[in-house]
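Asks: Sequence:
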Amino acid sequence: MAEFTMELNDEQKEVRDWVHGFAADVMRPAAAEWDEREETPWPVIQEAAKIGLYSLDFYAQQFFDPTGLGIPMAMEELFWGDAGIGLSIVGTGLAAVGVLANGTEEQIGTWVPQMYGDANDVKVAAFCSSEPDAGSDVAAMRTRAVYDEAKDEWVLNGTKTWATNGGIANVHVVVASVDADLGSKGHASFIVPPNTPGLSQGQKFKKHGIRASHTAEVVLEDVRVPGHCLLGGKEKLDERLARAREKAKSGGMGVPPLERSGGRVKNAAMATFEASRPAVGAMAVGTARAAYEEALEYAKTRSQFGRPIIDNQGVAFQLADMRTQIDAARLLVWRASWMAVAGKPFTSAEGSMSKLFASEVAKKVTAQAVQILGGNGFTREYPVERMHRDAAIYTIFEGTSEIQRLVIARTLSGMPIR
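Everything in the sequence shown is counted per this note's numbering, starting at 4 for the first residue and increasing by one.
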């Protein structure tokens with residue numbers, strides 16, 4: 004187990020500078036165009052694939068960094084480049100994490116490579132959990148999976164929403180209820196292979212920010228997937244359901260759907276989100292840092308009343324606060340990332356803390372950047388306007404700020420706070 008450190012080693016610095024170079028040279032020049040087009044930036048993803056940045060190998064190397072800092076370091080640099088394009092590049096990772104968190108070794112080896120494709124034939128994947136009536140309230144999920152024993156197939160029906168890459172993905176990972184009476188404990192995750200009949204794209208959302216990332220509904224109508232597409236396998240699922248039913252009989256139900264035990268989440272969807280929360284915090288840090296740097300440079304070069312506006316305390320103090328908050332957010336993200344790789348349980352919900360604080364910092368810092376640029380900050384001629392729109396998503400997706408506070412409060416108190 005690596006000791007916690009705030010000093011990157013030479014190899015990490017080399018990776019950081021490499022990702023930063025791609026963000027600066029490829030992503031930033033394309034950011035405004037793809038934001039306006041509101042389309043998946045396939046050419047940029049392909050460029051990332053050509054250099055090995057969009058690949059299973061790259062993310063595996065960062066994931067297995069013994070310090071835990073590989074993933075947050077890469078996320079920060081990519082989202083410093085642009086949040087919309089960044090999410091298009093890393094969105095597949097959420098589906099991959101869903102398989103890594105819940106799948107068998109065989110399932111991981113079979114499906115994760117198909118999520119990425121290769122440099123000559125780039126693919127993306129989608130993780131489908133949220134529903135029109137079940138976002139933060141995962142226990143309200145209506146998508147059903149019924150086992151057809153005669154054919155050894157699962158039949159999926161329902162509608163998913165807010166799915167990154169939904170409908171355009173090569174592989175979809177779908178969370179569905181297999182026993183509605185058990186609430187969130189009756190959920191399981193399924194692989195829907197490419198070109199499976201019955202899966203279609205519903206509404207594609209026109210969004211306030213991260214507009215280069217494809218977000219849509221996924222409609223499942225009698226979607227049949229082979230039995231081996233149940234992540235973790237049926238034997239493991241049956242054992243888990245039996246324990247949950249036994250607990251229900253003994254009066255153990257009514258446990259809040261976000262309950263944790265020993266740092267582990269007892270729910271297929273939440274297991275994926277818990278693993279990815281520090282990474283989302285790192286994305287928020289990247290966007291915040293980008294906006295801060297734009298505001299700092301503007302304040303040093305923009306003159307009013309015969310002097311640079313940074314000479315005014317009202318501006319300089321804002322920049323001081325912005326940088327302090329960004330650094331604090333990064334430290335929380337790094338701590339949670341190191342704890343996760345070191346196998347230390349989040350006894351104080353440190354993963355949720357990192358995501359909560361970093362996402363709130365991103366919203367605040369980007370708003371301050373717009374204010375420092377004044378009228379220019381409100382136009383699309385300057386990137387802080389886009390960064391401000393993009394930052395709004397961090398307090399919403401993969402667990403709203405309110406849900407993060409609920410998780411933290413429950414963890415600290417041990418009480419079923421609602």
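Fair warning: there could be bad hints in the mix.
Claimed, not checked - List time: in silico DSBU-like cross-link candidates among lysine-lysine, alpha-carbon distance up to 30 Å:
| no. | residue 1 | residue 2 |
| --- | --- | --- |
| 1 | LYS53 | LYS207 |
| 2 | LYS16 | LYS126 |
| 3 | LYS237 | LYS250 |
| 4 | LYS239 | LYS252 |
| 5 | LYS250 | LYS16 |
| 6 | LYS126 | LYS209 |
| 7 | LYS53 | LYS126 |
| 8 | LYS209 | LYS367 |
| 9 | LYS16 | LYS53 |
| 10 | LYS237 | LYS126 |
| 11 | LYS53 | LYS154 |
| 12 | LYS126 | LYS210 |
| 13 | LYS209 | LYS366 |
| 14 | LYS239 | LYS366 |
| 15 | LYS252 | LYS16 |
| 16 | LYS303 | LYS239 |
| 17 | LYS303 | LYS53 |
| 18 | LYS210 | LYS366 |
| 19 | LYS366 | LYS250 |
| 20 | LYS252 | LYS237 |
| 21 | LYS126 | LYS252 |
| 22 | LYS154 | LYS239 |
| 23 | LYS303 | LYS367 |
| 24 | LYS207 | LYS347 |
| 25 | LYS16 | LYS239 |
| 26 | LYS237 | LYS16 |
| 27 | LYS207 | LYS16 |
| 28 | LYS210 | LYS367 |
| 29 | LYS239 | LYS250 |
Said to hold, decoys possible - The calculated label-pair distances, taken between Cβ atoms and stated as ranges, are:
| no. | residue 1 | residue 2 | range |
| --- | --- | --- | --- |
| 30 | ALA412 | ALA345 | 21 to 29 Å |
| 31 | GLU249 | GLU42 | 31 to 39 Å |
| 32 | SER203 | GLN307 | 53 to 61 Å |
| 33 | GLU296 | ALA345 | 26 to 34 Å |
Please keep in mind that the hints were generated in silico from the structure rather than gathered at the bench.
C-beta: ideal position from N, C-alpha, C; glycine also.
Asks: Look at each hint and say if it fits the structure.
Replies: Hint check results:
1. Of the supplied pair hints, the one linking LYS53 and LYS207 holds, its CA atoms being roughly 28 Å apart against a limit of 30 Å.
2. At roughly 29 Å between alpha-carbon atoms, LYS16 and LYS126 fall within 30 Å of each other, so this suggested pair holds.
3. The suggested pairing of LYS237 with LYS250 holds, with an alpha-carbon distance near 20 Å, which does not exceed 30 Å.
4. Between LYS239 and LYS252 the CA atoms are separated by roughly 20 Å; this keeps the pair inside 30 Å, and the hint holds.
5. For the hint linking LYS250 to LYS16, the alpha-carbon distance of about 49 Å lies beyond 30 Å, and the restraint is violated.
6. A hinted pair counts as satisfied when its Cα atoms are at most 30 Å apart, and LYS126 with LYS209 qualifies at roughly 22 Å.
7. Among the hinted pairs, LYS53 with LYS126 is consistent with the structure: their alpha-carbon atoms are about 13 Å apart, no more than 30 Å.
8. For a cut-off of 30 Å, the pair hint linking LYS209 to LYS367 stands: about 24 Å separates their Cα positions.
9. Pair hint LYS16 plus LYS53 holds up; C-alpha atoms about 21 Å apart against a cutoff of 30 Å.
10. Note on LYS237 and LYS126: the hinted pairing holds, with a Cα-Cα distance of about 28 Å set against a maximum of 30 Å.
11. Between LYS53 and LYS154 the CA atoms are separated by roughly 41 Å; this puts the pair beyond 30 Å, and the hint is violated.
12. Between the alpha carbons of LYS126 and LYS210 the distance comes to roughly 23 Å, so the proposed pair stays at or under 30 Å and holds.
13. Only pairs whose Cα atoms come within 30 Å are accepted, and LYS209 paired with LYS366 is accepted, the gap being roughly 20 Å.
14. At most 30 Å may separate the alpha-carbon atoms for a hinted pair to count; LYS239 and LYS366 exceed this at roughly 41 Å.
15. Between LYS252 and LYS16 the CA atoms are separated by roughly 54 Å; this puts the pair beyond 30 Å, and the hint is violated.
16. Between LYS303 and LYS239 the CA atoms are separated by roughly 60 Å; this puts the pair beyond 30 Å, and the hint is violated.
17. For the given pair, LYS303 sits about 38 Å from LYS53 by alpha-carbon distance, which is inconsistent with the 30 Å threshold.
18. Between LYS210 and LYS366, the direct Cα distance comes to roughly 16 Å. Compliance with the 30 Å bound is thereby established for this hinted pair.
19. For the suggested pair LYS366 and LYS250, the alpha carbons sit about 42 Å apart, so the restraint of at most 30 Å is broken.
20. Our distance criterion of 30 Å between C-alpha atoms is met by LYS252 and LYS237, whose separation comes to about 22 Å.
21. Restraint check for LYS126 and LYS252: the C-alpha separation of about 45 Å exceeds 30 Å, so the hint is violated.
22. Straight-line distance between C-alpha atoms of LYS154 and LYS239 comes to about 19 Å, which keeps the hinted pair within the 30 Å bound.
23. Among the hinted pairs, LYS303 with LYS367 is consistent with the structure: their alpha-carbon atoms are about 21 Å apart, no more than 30 Å.
24. For the suggested pair LYS207 and LYS347, the alpha carbons sit about 39 Å apart, so the restraint of at most 30 Å is broken.
25. Proximity of LYS16 to LYS239 is assessed by CA-CA distance (about 41 Å); at most 30 Å being required, the pair is judged violated.
26. Under the criterion of a C-alpha separation no larger than 30 Å, the hint pairing LYS237 with LYS16 is inconsistent with the structure, at around 43 Å.
27. Using a Cα cut-off of 30 Å, the hinted pair LYS207 and LYS16 is violated, with the two alpha carbons roughly 38 Å apart.
28. A C-alpha spacing of about 20 Å is found between LYS210 and LYS367, which places the hinted pair at or below 30 Å, so the restraint holds.
29. Restraint check: the Cα-Cα separation between LYS239 and LYS250 comes to about 17 Å, which is no more than 30 Å; the hinted pair holds.
30. At roughly 25 Å, the beta-carbon separation of ALA412 and ALA345 lies within the given 21 to 29 Å, and the hint holds.
31. About 50 Å separates the C-beta atoms of GLU249 and GLU42, a value inconsistent with the hinted range of 31 to 39 Å.
32. One distance hint, 53 to 61 Å for the beta-carbon pair SER203 and GLN307, holds here, with the actual separation near 55 Å.
33. The hint said 26 to 34 Å for the Cβ distance between GLU296 and ALA345, and at roughly 31 Å that hint holds.
The structure shown violates the earlier hints numbered 5, 11, 14, 15, 16, 17, 19, 21, 24, 25, 26, 27 and 31.
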